[in-house]
Structure formats: C-alpha cells, structure tokens
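Student: Chain by chain, the residues:
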Amino acid sequence: MAIFVDEHTKVVVQGLTGGQGRFHGLRNRDYGTKVVAGVTPGKGGQDVDGIPVYDTVSEAVARTAATASFVVVPPPAAPAAILEAAEAGVALVVCITEGIPAQDEAATYNRLRRDFAGTRLIGPNCPGVITPGACNIGITAGEIALPGGPVGIVSRSGTLTYQALYELTRQGVGQTTCVGIGGDPVPGTGFIDCLAAFEADPETKAVMLIGEIGGSEEERAASFVAEHMTKPVVAYIAGQTAPAGRKMGHAGAIVSGSSGTAKAKMEALAAAGVSVASNPTEAGERMVEVVRRLA
Amino acid sequence: MDLFEYQGKEYLARYGVPVPEGRVATDVPGARSAADELGYPVVVKAQVQVGGRGKAGGIKVAADGAELEQAASAILGMDLKGHLVRRVWVERASAIERELYASFTLDRAARLHLGMVSAEGGVEIEEVAARTPEAITRRHVDPTEGLGEDDAVALAQSLGLDAVVTGRVAALLRSLYTCFVEGDADLVEVNPLVVTADGEVVALDAKVTLDDNASFRHPDWQVFAAAAELDPREAMAKEKGLNYIGLDGEVGIIANGAGLAMSTLDVVNQAGGRAANFLDIGGGASAAVMTAALEVIGADPAVRSIFVNIFGGITRCDEVARGIVTALERVTLRAPIVLRLDGTNAEAGREILAAHQSDRLVVQPTMLDAARVAVALAAEGGN
Chain A
1 MAIFVDEHTK
11 VVVQGLTGGQ
21 GRFHGLRNRD
31 YGTKVVAGVT
41 PGKGGQDVDG
51 IPVYDTVSEA
61 VARTAATASF
71 VVVPPPAAPA
81 AILEAAEAGV
91 ALVVCITEGI
101 PAQDEAATYN
111 RLRRDFAGTR
121 LIGPNCPGVI
131 TPGACNIGIT
141 AGEIALPGGP
151 VGIVSRSGTL
161 TYQALYELTR
171 QGVGQTTCVG
181 IGGDPVPGTG
191 FIDCLAAFEA
201 DPETKAVMLI
211 GEIGGSEEER
221 AASFVAEHMT
231 KPVVAYIAGQ
241 TAPAGRKMGH
251 AGAIVSGSSG
261 TAKAKMEALA
271 AAGVSVASNP
281 TEAGERMVEV
291 VRRLA
Chain B
1001 MDLFEYQGKE
1011 YLARYGVPVP
1021 EGRVATDVPG
1031 ARSAADELGY
1041 PVVVKAQVQV
1051 GGRGKAGGIK
1061 VAADGAELEQ
1071 AASAILGMDL
1081 KGHLVRRVWV
1091 ERASAIEREL
1101 YASFTLDRAA
1111 RLHLGMVSAE
1121 GGVEIEEVAA
1131 RTPEAITRRH
1141 VDPTEGLGED
1151 DAVALAQSLG
1161 LDAVVTGRVA
1171 ALLRSLYTCF
1181 VEGDADLVEV
1191 NPLVVTADGE
1201 VVALDAKVTL
1211 DDNASFRHPD
1221 WQVFAAAAEL
1231 DPREAMAKEK
1241 GLNYIGLDGE
1251 VGIIANGAGL
1261 AMSTLDVVNQ
1271 AGGRAANFLD
1281 IGGGASAAVM
1291 TAALEVIGAD
1301 PAVRSIFVNI
1311 FGGITRCDEV
1321 ARGIVTALER
1331 VTLRAPIVLR
1341 LDGTNAEAGR
1351 EILAAHQSDR
1361 LVVQPTMLDA
1371 ARVAVALAAE
1381 GGN
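Residue numbers (my numbering), protein chains in the order written: chain A, 1 to 295; chain B, 1001 to 1383.
Hints are computed from structural coordinates only; laboratory data are not their basis.
Note that beta-carbon positions come from the ideal geometry of N, C-alpha and C, so glycine has one too.
It cannot be assumed that every hint is accurate.
[As the list claims (entries may be wrong)] Beta-carbon label-pair distances, calculated as ranges:
no. : chain 1 : residue 1 : chain 2 : residue 2 : range
1   : A       : 294       : B       : 1154      : 49 to 55 Å
2   : B       : 1127      : A       : 271       : 22 to 28 Å
3   : B       : 1360      : A       : 244       : 33 to 39 Å
4   : A       : 285       : B       : 1379      : 25 to 31 Å
5   : A       : 294       : B       : 1241      : 44 to 50 Å
6   : B       : 1130      : A       : 289       : 18 to 24 Å
7   : B       : 1334      : A       : 147       : 44 to 50 Å
8   : B       : 1360      : A       : 23        : 17 to 23 Å
[Said to hold, decoys possible] SDA-like, lysine to any residue: derived pairs with alpha carbons at most 20 Å apart:
no. : chain 1 : residue 1 : chain 2 : residue 2
9   : B       : 1207      : A       : 244
10  : B       : 1207      : A       : 245
11  : B       : 1238      : A       : 246
12  : B       : 1207      : A       : 258
13  : B       : 1207      : A       : 256
14  : B       : 1081      : A       : 245
15  : B       : 1081      : A       : 99
16  : B       : 1081      : A       : 256
17  : B       : 1240      : A       : 258
18  : B       : 1207      : A       : 259
19  : B       : 1207      : A       : 263
20  : B       : 1081      : A       : 263
21  : A       : 263       : B       : 1109
22  : A       : 263       : B       : 1240
23  : A       : 263       : B       : 1238
24  : A       : 263       : B       : 1272
25  : B       : 1055      : A       : 263
26  : B       : 1238      : A       : 99
27  : A       : 34        : B       : 1240
[To be verified] Which residues of chain A face chain B? A few of them, derived with a C-beta cut under 8 Å, are:
no. : residue
28  : 47
29  : 156
30  : 200
31  : 249
Generate the whole structure from the sequences, applying the supplied hints.
Tutor: Here it is as structure tokens:
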C-alpha cells in the first residue's frame, strides 16, 4: 500500500516531446514507472524512445488506459493542460511547472473543485510524487528513496524533500510515499489531503511534514493532526529567519505582515503534539528515533 | 513587484477606478509646474514603499506655489524610515468627507478571492482587524465566477452610506476587482478610499502588488520594473538571472533549491551568524550559474565568508563539484568558501574537491558543521 500512486499507476506525460518532458519522462520510466503515453498537440503518431505520442489526452487515455498525467509544459500552457487531463478523466495530475500566474492557478483549482471532483492535482511547482520501488512521477531522484515504508513524507520544498529522503534512506528507514505539494500559493493538494491519506494507509506508521513560510497551511495541518491523527508526525519549517514581504524563491513563501511566519507555524504544530525540529538534519534524526521506537 | 503609489494609481485608473488627478516629479521645479498645472491646493506625497508616510512628514498640503516649493524641497531627498525619497506625487487636494478601506487579494486558506471593505479607512487594516474585527466586511469570490453585481453591492452596503454613494462604491469595487484579476495583481488595496464633500468616491492611495509570474503577458510592466529601486546587489543578481535577496549579515549564501536556501539561512542563524543574502541557484548548479552566483556574492563588501550548500539529486555531486572547480578558476574571491556537498555521488564529488582544498575552500560533510565553520570564519574575517 501507499498513497496516490503505486505499481499499477499508468502515466501519460503531457509535453513528452519537449526537453524537460523527455528527460524526466524517460527517467521516470527507467525507475520502473509505467509511462504508457505522451501528449503533444500536433505530434500524434510520433514516439519518444518507444513511448507513443498522441495529440490529445483523451486519445492517449482511450488507447493506453492511462490513470495519471505528468504535466511538463511551460506556464502559459499549463492550466489548459491540467484541465485537459481532468476532462479526459485522469484521476491524478502531477504538474511540476514553475511560474504559473496565481490568478490562473486559483481559477484552475476552482474549476477542478467544481467540475472535476474525481481528479486530484498535485502541484504546480512541485517535485512530484514517488512511491519508492513502484512509481515515480516528477523530478525526484528515485535513487535516494528506499522502498518499504514506514515513513510518509509531505513537503512544500523540492530540495528539502530530497534531503529528508536521503537522511532517512541513509539510516535504513524506508518511505511509503513522498509527496511534494509544491511552493505555490494555491497547491492542488495540500498538507491535510496528504495527512489524511497517510493516516488511512496501513503501511505508513509515521509522517514527516516539511513546511515553509507563507500562508496558513501548516497551522491548518496542525489542527488536523490534533483532531484526526493517531500516527506520530515530525515537522520542520523553513524560513525561520526570512524577512517579511519578500518571496523567498517560491511564489508562496512570503511573510505578509504578521501572517505566515515560521514561528507561528512551529508553535501551532508543537501545540498539536507534533515533534518540531529546528533544521532538516534534526528532523531526520527525530524521525529515525520515532521509527526505532515503533519497531 | 510592489508598485509605488503613483504607479498603482495609474494602474487602477486603467481599469476605471477613479483616482485624483496628479503628476509625478523628481525635483522642485518639476513639482512646481505640476502643481501650477493642476491648480491649488495640492498634496505632495513622498513616493516610497513604506507605511506611515504622513506621520513621518512625507505628505504635505500646499495652498500656493511658495508652500509647494517648501513642501517639495522638504520631502525630496529626505530619509523616510530608511528609504530615500527620489520622487513625489503631486495631486489635487480632495475635500475628504469620509475615509473607507477596500481591497482584493487571494485567501490562500480558502483558495478563493477575498474582498474586504471597512468604514474605518486611513489606518492600517491589520490594526483595525486587531482592535475592531467587526468593522471589516469580508466576502469570498469564486475565481471561476468573478465578483458579481450582488457581491459588489453587498460589500458596499455594509459601509452604511447613502444609496447614491453606495452605488458609486459598488461600481468602484467592480473596477478594482477587474484590475486585480485582469491586471494579475496579488493585492490591490485602496486605503483610504474617500468619499468627497460632493459625494464622489476616489482612491486616495493605492497599494498594488503585481504577480511576477504573470509578467510574460504584461510587457508594459517593464516600465514599473525600470523604476524599481533595487538594492545594488539585487540589481546585479537580476541582470545575471539569479534568484537573490539581499540581507544584512556577513555570511554569503548559495544553495540549490528555495527550501534549502531558506533552511541555510536558518542554520547560519542557529550557529550564531547572520546571512548576507538568500540565493537559490536551482537544481542544476552548473559551472555557469555557480560562477554568476559567486560573482554576485563576491561583490558584496559585507560578506566575510561564503557558505555553498548543495544537495545533489538528479544533478550528481561529482558534476556539481566539477562545476564548482571551474567557477572557482573564473572568479577571484576575498572571502573563504565553506562547501557542503551531499546527496547522490557525494563521495565522488568530495574527492574531486579534495585536490582544491585550502584555507580558502573548506569542505564539510554536513549542513550544521558547514554553518558553524562559515560563521566562525566570518567572525575571524571581521576582526
């Protein structure tokens, strides 16, 4: 078991014929992911290293029974690509595109919520999702992940996700699924969606949450942990010394006035019984301890 | 990108929001001719991106030419809360009857647009929210539907104005919302939104934050970007296409990934130091990007040591190490570099770097060790 993706997930890559799409799509396939199709309008009939390319997602789904989509297209085209996948009935859309305007992102999110409740969007501006040993959709370096659980990871940051995977793997602690929800203001999938899924997944025994400044997702996650979670959670929040009013690399990582500070998030999580580490290394060490105690 | 008041008003006006007539000026004669054209009395307003300009002496009323020149020369060149005033906005004075508040932004928790109005304008909205939260009316708007007539009227009616003025406020709110959406703003805030003695509603101030991600469809924003007063370090980084934010400390920071870069600032702070900057060079960490990053950080006179924090994922550490070696051959630096290299092929990467280690390049195995060494070196360099 795992969350969102497993060995049965069949992936169509939207933008497979582009440089990034080809690079990551083939990497994902090399990892063992079932990459069954690509989509690039006007390039139907071609193939990328044996992966058939179609003009539309609905055609790709009809021919290959793809269940998930990996969107690797530039920001102006990404919202339409996400909606096209949803219209084609794809259940999971992973979008790594960075730089989508916030207005487009908010409109796309609400279109999905209103018209395509059966489709889950992960991202945009995220590293993707990996169930080690089974399925990797996105840009995560699969070789630093270790199959078998028991830790689930959910993170707003790419490199800090890698860091977390690496620290756990080095200590022999495996992961069930690692979800990068992305650093944009309106993520398709939030912390709470992932926490709920990990809580329901019997193989996941503990969860690592990596947050950052901006918004109030971590505070809301803290309430969810307090009210609904039985599994231990270890957290780290990046940006404890970030200045107010500046976007720290991610479009969503901004302290606005007095809201969105790391301090408020850390306090809310600690009050909910989450073990809050002051840096990513400490978070890894704490999680290793948690897992050893579970065994 | 935060706009200056004069830019914000011009931007709002494009979408039909009524603003007072005015001109921008960079010197006293320019301000004088602007005022003479507009007709007195006028208000002279310092163009700096900081709140509380009025109390700090950055806003003055002038009844005639002599007063105008006095006001403009007092404001131009003044230091307003650490910001040098380079421009003033001169506008026709409004006969203010009431001061209101209106804004649109994204409510990230609800993932919906949020409109806010208040009858208590002219003070910081966060103050109002803390003191009298009931004085603020909020209304969520679904981005797929937009702000309807009924939404605008409901917001306007909460302000307790007469029917005619209520209608004018509702119309202004719809224009303001259009500016927010079509203008790709993260925030449009009018505070105060004034009702004049003859019942007109006018945006007396404008705070507009544009979404940089949308600049590809707004080529006209280049004018705003050109007027932005960047820290010289940030201007240099921007030219090189780097994601850089200048800070006040003495440890230069380079990291690959926004989260890791933020985290690097944190561990430097925990080790007793302060970061000189935030700099995310992205996943690749190629020789070209590393060279540009070291050039920008090397040009900062406050930097006493440089902490390069790289986690190799898809880009393997041996590739990163070769990139760093090449970059170091291209750039001459005063400050020593402390490098932490971890992740895929870290051993191979450290072996490549071993041949280049010196008191100018120290390689540390972990992020925390590297932070401690970088902070210690910065302290030595400062003596």
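Student: Give a verdict on every hint.
Tutor: Consistency of the hints with the structure:
1. Residue 294 of chain A and residue 1154 of chain B have their C-beta atoms about 53 Å apart, which keeps the hinted 49 to 55 Å range intact.
2. Judged by the Cβ atoms, the range 22 to 28 Å given for residue 1127 of chain B and residue 271 of chain A holds: they are separated by roughly 26 Å.
3. A C-beta distance of roughly 35 Å is found between residue 1360 of chain B and residue 244 of chain A, which places it inside the suggested range of 33 to 39 Å.
4. The hinted range of 25 to 31 Å is satisfied by residue 285 of chain A and residue 1379 of chain B, whose Cβ atoms lie roughly 27 Å apart.
5. Range check, residue 294 of chain A to residue 1241 of chain B: Cβ separation about 46 Å, and the 44 to 50 Å hint holds.
6. As the Cβ distance of residue 1130 of chain B to residue 289 of chain A is approximately 40 Å, the hint placing it in 18 to 24 Å is violated.
7. For the hinted restraint 44 to 50 Å between residue 1334 of chain B and residue 147 of chain A, the CB-CB distance of approximately 47 Å keeps it satisfied.
8. Checked against the hint of 17 to 23 Å, the C-beta distance between residue 1360 of chain B and residue 23 of chain A comes to roughly 35 Å, which is inconsistent with it.
9. A hinted pair counts as satisfied when its Cα atoms are at most 20 Å apart, and residue 1207 of chain B with residue 244 of chain A qualifies at roughly 16 Å.
10. Between residue 1207 of chain B and residue 245 of chain A the alpha-carbon distance is near 13 Å, which keeps this suggested pair within the 20 Å criterion.
11. For the hint linking residue 1238 of chain B to residue 246 of chain A, the alpha-carbon distance of about 15 Å falls within 20 Å, and the restraint holds.
12. Under the criterion of a C-alpha separation no larger than 20 Å, the hint pairing residue 1207 of chain B with residue 258 of chain A is consistent with the structure, at around 18 Å.
13. Between residue 1207 of chain B and residue 256 of chain A the CA atoms are separated by roughly 14 Å; this keeps the pair inside 20 Å, and the hint holds.
14. In summary, the hint linking residue 1081 of chain B to residue 245 of chain A is supported, as the alpha carbons are separated by about 16 Å, within the 20 Å threshold.
15. Distance restraint check for residue 1081 of chain B and residue 99 of chain A: the Cα-Cα separation of roughly 33 Å exceeds the 20 Å cut-off, and the hinted pair is therefore not satisfied.
16. Of the pairs offered as hints, the one joining residue 1081 of chain B and residue 256 of chain A holds, with about 19 Å between alpha carbons and a cut-off of 20 Å not exceeded.
17. Between residue 1240 of chain B and residue 258 of chain A the alpha-carbon distance is near 32 Å, which puts this suggested pair outside the 20 Å criterion.
18. For the hint linking residue 1207 of chain B to residue 259 of chain A, the alpha-carbon distance of about 18 Å falls within 20 Å, and the restraint holds.
19. In summary, the hint linking residue 1207 of chain B to residue 263 of chain A is not supported, as the alpha carbons are separated by about 27 Å, beyond the 20 Å threshold.
20. Taking the CA atoms of residue 1081 of chain B and residue 263 of chain A, the gap is about 26 Å. The hint is violated against a cut of 20 Å.
21. This hinted pair checks out: residue 263 of chain A and residue 1109 of chain B have alpha carbons roughly 18 Å apart, not beyond 20 Å.
22. This hinted pair does not check out: residue 263 of chain A and residue 1240 of chain B have alpha carbons roughly 33 Å apart, beyond 20 Å.
23. Straight-line distance between C-alpha atoms of residue 263 of chain A and residue 1238 of chain B comes to about 30 Å, which puts the hinted pair past the 20 Å bound.
24. Taken as a hint, the residue 263 of chain A and residue 1272 of chain B pair is honoured in the structure, with Cα atoms around 18 Å apart against an allowance of 20 Å.
25. Restraint check for residue 1055 of chain B and residue 263 of chain A: the C-alpha separation of about 31 Å exceeds 20 Å, so the hint is violated.
26. Simply put, residue 1238 of chain B and residue 99 of chain A have alpha-carbon atoms about 16 Å apart, close enough for the 20 Å limit, and the pair holds.
27. Annotation: proposed proximity of residue 34 of chain A to residue 1240 of chain B is violated, straight-line Cα distance about 39 Å (limit 20 Å).
28. Taking 8 Å as the C-beta contact cut-off toward chain B, the hint placing residue 47 of chain A at the interface is violated, the least distance being around 24 Å.
29. Against a cut-off of 8 Å between C-beta atoms, the interface hint on residue 156 of chain A holds, since the closest Cβ of chain B lies about 7 Å away.
30. At about 23 Å, the closest approach between the beta carbon of residue 200 of chain A and any beta carbon in chain B exceeds 8 Å, and the interface hint on this residue is violated.
31. Below 8 Å, beta-carbon pairs count as interface contacts, and residue 249 of chain A has one with chain B at about 3 Å; its hint therefore holds.
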